[in-house]
Each structure stands twice: as C-alpha cells, then as structure tokens.
Amino acid sequence: MADIVDIAVSAGSFSTLVTAVQAAGLVETLKSAGPFTVFAPNDEAFAKLPPGTIQTLVQNIPQLTRILTFHVVSGKLTQADLAKLGTVTSLEGSPIPINCSNGFEVKNATVVAADILADNGMIHVIDTVILMG
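Just so we're aligned: 89 in the working numbering is position 89 of the sequence shown, and the numbers increase by one with no gaps anywhere.
Simulated from the structure, these hints should not be mistaken for laboratory data.
For every residue, glycine included, the Cβ atom is placed at its ideal position computed from N, Cα and C.
Just to be clear, a hint being listed does not mean it is correct.
[Said to hold, decoys possible] Ranges between beta-carbon positions, derived for each pair:
1) Q59 <-> S101: 36 to 46 angstroms
2) L131 <-> G86: 18 to 28 angstroms
3) L117 <-> K84: 26 to 36 angstroms
4) D127 <-> A83: 14 to 24 angstroms
5) P50 <-> V112: 16 to 26 angstroms
6) G93 <-> P35: 13 to 23 angstroms
7) L131 <-> T19: 10 to 20 angstroms
8) V58 <-> A80: 27 to 37 angstroms
9) N60 <-> A83: 15 to 25 angstroms
10) S94 <-> L49: 13 to 23 angstroms
11) P51 <-> N108: 31 to 41 angstroms
12) A113 <-> G75: 13 to 23 angstroms
[Claimed, not checked] Taking lysine-lysine pairs in the PhoX-like style, the calculated list, with each CA pair at most 20 angstroms apart, reads:
13) K31 <-> K84
14) K48 <-> K76
15) K107 <-> K48
16) K84 <-> K48
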C-alpha cells in the first residue's frame, strides 16, 4: 500500500492539491505515520474556485497552510466513523460538520469517493474545496 501523498500523486486527479501541499511544505507531514483522514479536493473542486484564487494562495503560504490543514483530521476515520461523530476537528483547529443523512457531505462539499485506505490514514475525495468560516 502507499501513503496519502503517493496515492494522491498516482491517482492523477489531484495535481492541484499535490502542488498546493508541496507549496505549503506539508508533504513530509502527510507522508508521516499519522494516521490522518484527508478530505481531498480533486482537480475539479479546485477549478470551481474563483479565477486567481490558487495563485493567490500559493503566494500566501500561511493562508494556504490553514486551508489545507482544514481538510485534514487526526485519526483513520471511515465514512461510518464520521457519521457517528457528526463533527470532527481539523488539524487547523476548526470544527468540520459531517452529514451522512442524505449521501456523505463534509461541510459544503459532497464526498464523491469514500474510504480510500492509505498506509497512514484514510482519504475521502470531495467535489468542493471547503473553506473556513
């Protein structure tokens, strides 16, 4: 099996996320033992952001890091685990609401692929970049 970063790289649909993680210096963290649960926006999710947003964030590493760590929680949590919890706290420190009553939603994003197992955690692919606030 591979770690979270290797899976994201090999999937081919997370090039923007991988670039952002590299820019923020989070590769080593997400390759560590963890475990982590990552709500991973695919390239289509990043494409929904207003034009210029990604470039602005890459130039503002503290803000980029906050947004990326808002997509990560500690522990290896499956969809079933998350459904029981209802809310989880991101590595950034903010709460992330989970709603599994009608599909699987994380804050304002829909999970399009759940429970992708990695050596150091779990990946849930989301269709929207989740923003704090």
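Each hint, compared with the structure:
no.: 1; hint: Q59 <-> S101: 36 to 46 angstroms; verdict: 39 angstroms, holds
no.: 2; hint: L131 <-> G86: 18 to 28 angstroms; verdict: 20 angstroms, holds
no.: 3; hint: L117 <-> K84: 26 to 36 angstroms; verdict: 19 angstroms, violated
no.: 4; hint: D127 <-> A83: 14 to 24 angstroms; verdict: 18 angstroms, holds
no.: 5; hint: P50 <-> V112: 16 to 26 angstroms; verdict: 21 angstroms, holds
no.: 6; hint: G93 <-> P35: 13 to 23 angstroms; verdict: 18 angstroms, holds
no.: 7; hint: L131 <-> T19: 10 to 20 angstroms; verdict: 18 angstroms, holds
no.: 8; hint: V58 <-> A80: 27 to 37 angstroms; verdict: 35 angstroms, holds
no.: 9; hint: N60 <-> A83: 15 to 25 angstroms; verdict: 34 angstroms, violated
no.: 10; hint: S94 <-> L49: 13 to 23 angstroms; verdict: 19 angstroms, holds
no.: 11; hint: P51 <-> N108: 31 to 41 angstroms; verdict: 20 angstroms, violated
no.: 12; hint: A113 <-> G75: 13 to 23 angstroms; verdict: 19 angstroms, holds
no.: 13; hint: K31 <-> K84; verdict: 27 angstroms, violated
no.: 14; hint: K48 <-> K76; verdict: 28 angstroms, violated
no.: 15; hint: K107 <-> K48; verdict: 16 angstroms, holds
no.: 16; hint: K84 <-> K48; verdict: 30 angstroms, violated
Violated hints, in rising order: 3, 9, 11, 13, 14 and 16; the structure is consistent with all others.
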